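Residue numbers (numbering that gives the first Met the number 0), protein chains in the order written: chain B, 0 to 415; chain P, 0 to 189.
Hints may be right or wrong, so weigh each one.
Capping the alpha-carbon separation at 35 Å, the derived lysine-lysine pairs in DSBU-like fashion look like this [unchecked claim]:
hint, chain 1, residue 1, chain 2, residue 2
1, P, LYS3, P, LYS109
2, B, LYS412, B, LYS185
3, P, LYS109, B, LYS61
4, B, LYS83, P, LYS41
5, B, LYS356, B, LYS412
6, B, LYS183, P, LYS39
7, B, LYS405, B, LYS243
8, P, LYS41, B, LYS61
9, B, LYS61, P, LYS39
10, B, LYS243, B, LYS356
11, P, LYS164, B, LYS61
12, B, LYS185, P, LYS39
13, B, LYS185, B, LYS405
Hints are computed from structural coordinates only; laboratory data are not their basis. Fair warning: this is a prediction, and the values are worked out from it, not measured in the lab.
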Amino acid sequence: MLDAAVIDQSTAERIRAHYAADAEQSGSRLMMALGILGAIITGLGIILIVAHNWDDLSRLTKTIFAFVPMLLGQGLCVFGLLRKTPSRGLHESAAAFTVLAVGACISLVSQIYHIDGDLASFLLTWMLLTLPVLYVMQSSATALLYVAGITYYGCQYGYFEYPRQAPYGYLLLMAGVLPFYLRKLKREKTGNFLSFLNWFIPISLTIVLGAFSDNAEEVLLLGYMSLFGLFSLIALLPPFAEAKPRNNGYGMLGMGGTLVLLLVLTYEEMWSEVWHLSMTRLWSLELLVAGLLTLAGTALILRLRHVGMGHRVEPQHYMFLFFVPLFVLGLTTNVSNAVTNFLVLYLGIVFIQKGTKANHLGWLNFGLLIIAMLAACRFFDDRITFALRGLMFIMVGAGFFVANYKLIKARRKNEE
Amino acid sequence: MKNKTWWIGLMALGILAQWWVPGQMIWQQERLFIEGTAFKFKTAPVDPYDPFRGKYIWLDFEASDFDLPEPAAFEYDEEVFVTVENDTAGYARVSAVTRAEPLNTEHYFKANVSTSSNRNSTSVGLRFPFGNFYMEESKAYEAEVLHREAARDTASVTYALVFIKNGRSGLANVFVDDVPIRDVVLRNRP
Numbered sequence: 000m001l002d003a004a005v006i007d008q009s010t011a012e013r014i015r016a017h018y019a020a021d022a023e024q025s026g027s028r029l030m031m032a033l034g035i036l037g038a039i040i041t042g043l044g045i046i047l048i049v050a051h052n053w054d055d056l057s058r059l060t061k062t063i064f065a066f067v068p069m070l071l072g073q074g075l076c077v078f079g080l081l082r083k084t085p086s087r088g089l090h091e092s093a094a095a096f097t098v099l100a101v102g103a104c105i106s107l108v109s110q111i112y113h114i115d116g117d118l119a120s121f122l123l124t125w126m127l128l129t130l131p132v133l134y135v136m137q138s139s140a141t142a143l144l145y146v147a148g149i150t151y152y153g154c155q156y157g158y159f160e161y162p163r164q165a166p167y168g169y170l171l172l173m174a175g176v177l178p179f180y181l182r183k184l185k186r187e188k189t190g191n192f193l194s195f196l197n198w199f200i201p202i203s204l205t206i207v208l209g210a211f212s213d214n215a216e217e218v219l220l221l222g223y224m225s226l227f228g229l230f231s232l233i234a235l236l237p238p239f240a241e242a243k244p245r246n247n248g249y250g251m252l253g254m255g256g257t258l259v260l261l262l263v264l265t266y267e268e269m270w271s272e273v274w275h276l277s278m279t280r281l282w283s284l285e286l287l288v289a290g291l292l293t294l295a296g297t298a299l300i301l302r303l304r305h306v307g308m309g310h311r312v313e314p315q316h317y318m319f320l321f322f323v324p325l326f327v328l329g330l331t332t333n334v335s336n337a338v339t340n341f342l343v344l345y346l347g348i349v350f351i352q353k354g355t356k357a358n359h360l361g362w363l364n365f366g367l368l369i370i371a372m373l374a375a376c377r378f379f380d381d382r383i384t385f386a387l388r389g390l391m392f393i394m395v396g397a398g399f400f401v402a403n404y405k406l407i408k409a410r411r412k413n414e415e
Numbered sequence: 000m001k002n003k004t005w006w007i008g009l010m011a012l013g014i015l016a017q018w019w020v021p022g023q024m025i026w027q028q029e030r031l032f033i034e035g036t037a038f039k040f041k042t043a044p045v046d047p048y049d050p051f052r053g054k055y056i057w058l059d060f061e062a063s064d065f066d067l068p069e070p071a072a073f074e075y076d077e078e079v080f081v082t083v084e085n086d087t088a089g090y091a092r093v094s095a096v097t098r099a100e101p102l103n104t105e106h107y108f109k110a111n112v113s114t115s116s117n118r119n120s121t122s123v124g125l126r127f128p129f130g131n132f133y134m135e136e137s138k139a140y141e142a143e144v145l146h147r148e149a150a151r152d153t154a155s156v157t158y159a160l161v162f163i164k165n166g167r168s169g170l171a172n173v174f175v176d177d178v179p180i181r182d183v184v185l186r187n188r189p
């Protein structure tokens with residue numbers, strides 16, 4: 000292009016410099032990813048070697064060995080901090096390695112002395128000892144390990160151990176990572192680790208929410224619907240709204256979760272559980288959790304409106320609010336089941352309209368897919384006659400064809 | 000620079016905590032092994048698995064079922080104080096299970112109730128806090144098989160040596176006929 004005089008010498012140099020910088024950046028990113036992966040795999044390897052339990056060694060020798068990996072990790076962390084030119088890769092891998100070595104050390108000491116502690120309190124101690132490493136080293140890899148660890152703790156405490164108890168400690172532990180996460184969001188906005196955290200945190204909350212259950216699991220439906228609603232609203236906030244859908248875990252999980260839950264509730268059996276819920280069971284921990292989540296969602300809608308982002312809130316984001324009266328109705332009548340079917344249909348239409356308006360095939364087909372899924376759920380519903388079900392399928396199939404055809408035709412027309 | 004000093008100070012505190020947790024675990028156990036009294040608990044080992052700590056034998060103690068002197072109700076998982084003494088053969092037996100901490104002896108430890116009972120119950124199941132004996136992974140299963148075979152021989156006794164003092168307990172070793180279980184496994188290998 001330089002020879003053909005398309006660009007001048009200075010432009011050519013700028014282009015070369017741009018690609019060289021790009022290559023260097025992606026190279027260092029690869030080095031960092033490999034470093035962290037290496038540290039994590041080595042750390043996990045140490046845990047397995049520790050688990051073998053070398054009983055040919057004396058108690059003292061084994062105890063000394065228990066501390067060696069931790070000492071090494073801590074040494075690397077301090078070395079990374081004292082270096083004049085900080086290296087992100089060294090910080091990340093040293094921190095991840097230290098965290099795993101701390102877990103291995105406590106496990107090994109428990110093993111050497113046959114200490115019979117329960118898994119939940121071990122995980123709690125381990126994660127609390129992880130926090131200083133996370134903050135001092137500003138390590139995102141550690142933040143991911145931490146979120147995974149506290150999720151395991153929440154599940155162990157709330158689901159696996161008997162008697163089951165609500166894992167309130169999990170909420171405090173989650174609050175522990177939030178200042179780091181919010182600071183990262185403010186500073187970086189996008190980035191690989193941040194994208195992972197944007198998935199890890201909502202997934203963790205989704206998994207552990209069910210553990211806040213006492214004796215009225217049916218009310219969890221309300222809690223989950225509000226949680227997913229809250230996620231889809233968080234996805235509208237500035238750092239997430241500009242991100243690609245795959246990097247916006249809140250949006251994908253919020254909308255996906257809402258849809259799955261609504262589809263499940265198109266079955267009458269699910270509502271019959273709600274119908275049988277007595278008033279004494281209704282006033283429960285689950286109701287409190289659901290109420291708090293609904294309030295948080297509502298507050299976020301008001302906030303978005305207040306800061307001039309109200310136009311981002313679309314009908315699908317209100318689903319959790321529609322669901323509240325629907326649930327109350329479901330306690331005394333059986334009309335909620337039919338209404339849920341219409342709600343899913345409405346959701347499909349909303350996305351079809353969105354796709355048509357924005358000339359976006361993805362949204363359009365998502366809307367059609369919702370309706371197709373609804374039809375598929377009703378395929379096995381013997382309350383509807385075969386003829387009606389057949390008609391439903393033909394209409395959905397024809398809808399797919401006509402809508403896509405129309406949109407593509409309109410696009411071509413615009414291009415001409 | 001001042002900022003860096005802060006971070007290093009915080010890291011030093013973190014490192015201190017990371018050493019303190021396993022350190023105090025070791026300190027407490029070592030002190031118990033020196034100051035506590037050793038009791039022999041008759042047991043049957045079973046071989047399970049812990050994802051972090053590896054293979055262990057789970058000890059099923061004969062003394063873990065206690066006949067209450069008078070009917071009493073205990074809740075599942077409730078923490079209780081278990082007082083022990085030696086029987087005529089020199090093995091540990093539970094002499095009392097109480098909610099309140101015993102005052103006239105130091106030979107007691109904390110345990111959890113493993114059964115739920117009503118106020119007419121005359122016995123209570125206990126889960127001792129020294130039920131896991133960690134072994135090298137290849138030996139745990141062999142130890143269980145060995146015990147099963149030894150159990151056919153009624154003269155053979157498997158017991159856990161446990162140090163006890165003022166509510167605390169620590170498992171030191173498991174023996175089959177006064178020989179450490181690890182040595183028995185090694186001796187029986189072809």
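Hints and how they fare:
no., hint, result
1, P:LYS3 - P:LYS109, "violated (46 Å)"
2, B:LYS412 - B:LYS185, "violated (43 Å)"
3, P:LYS109 - B:LYS61, "holds (28 Å)"
4, B:LYS83 - P:LYS41, "violated (61 Å)"
5, B:LYS356 - B:LYS412, "holds (15 Å)"
6, B:LYS183 - P:LYS39, "violated (56 Å)"
7, B:LYS405 - B:LYS243, "holds (27 Å)"
8, P:LYS41 - B:LYS61, "holds (28 Å)"
9, B:LYS61 - P:LYS39, "holds (25 Å)"
10, B:LYS243 - B:LYS356, "holds (20 Å)"
11, P:LYS164 - B:LYS61, "holds (25 Å)"
12, B:LYS185 - P:LYS39, "violated (61 Å)"
13, B:LYS185 - B:LYS405, "violated (42 Å)"
When each numbered hint is compared with the structure, violations occur for hints 1, 2, 4, 6, 12, 13.
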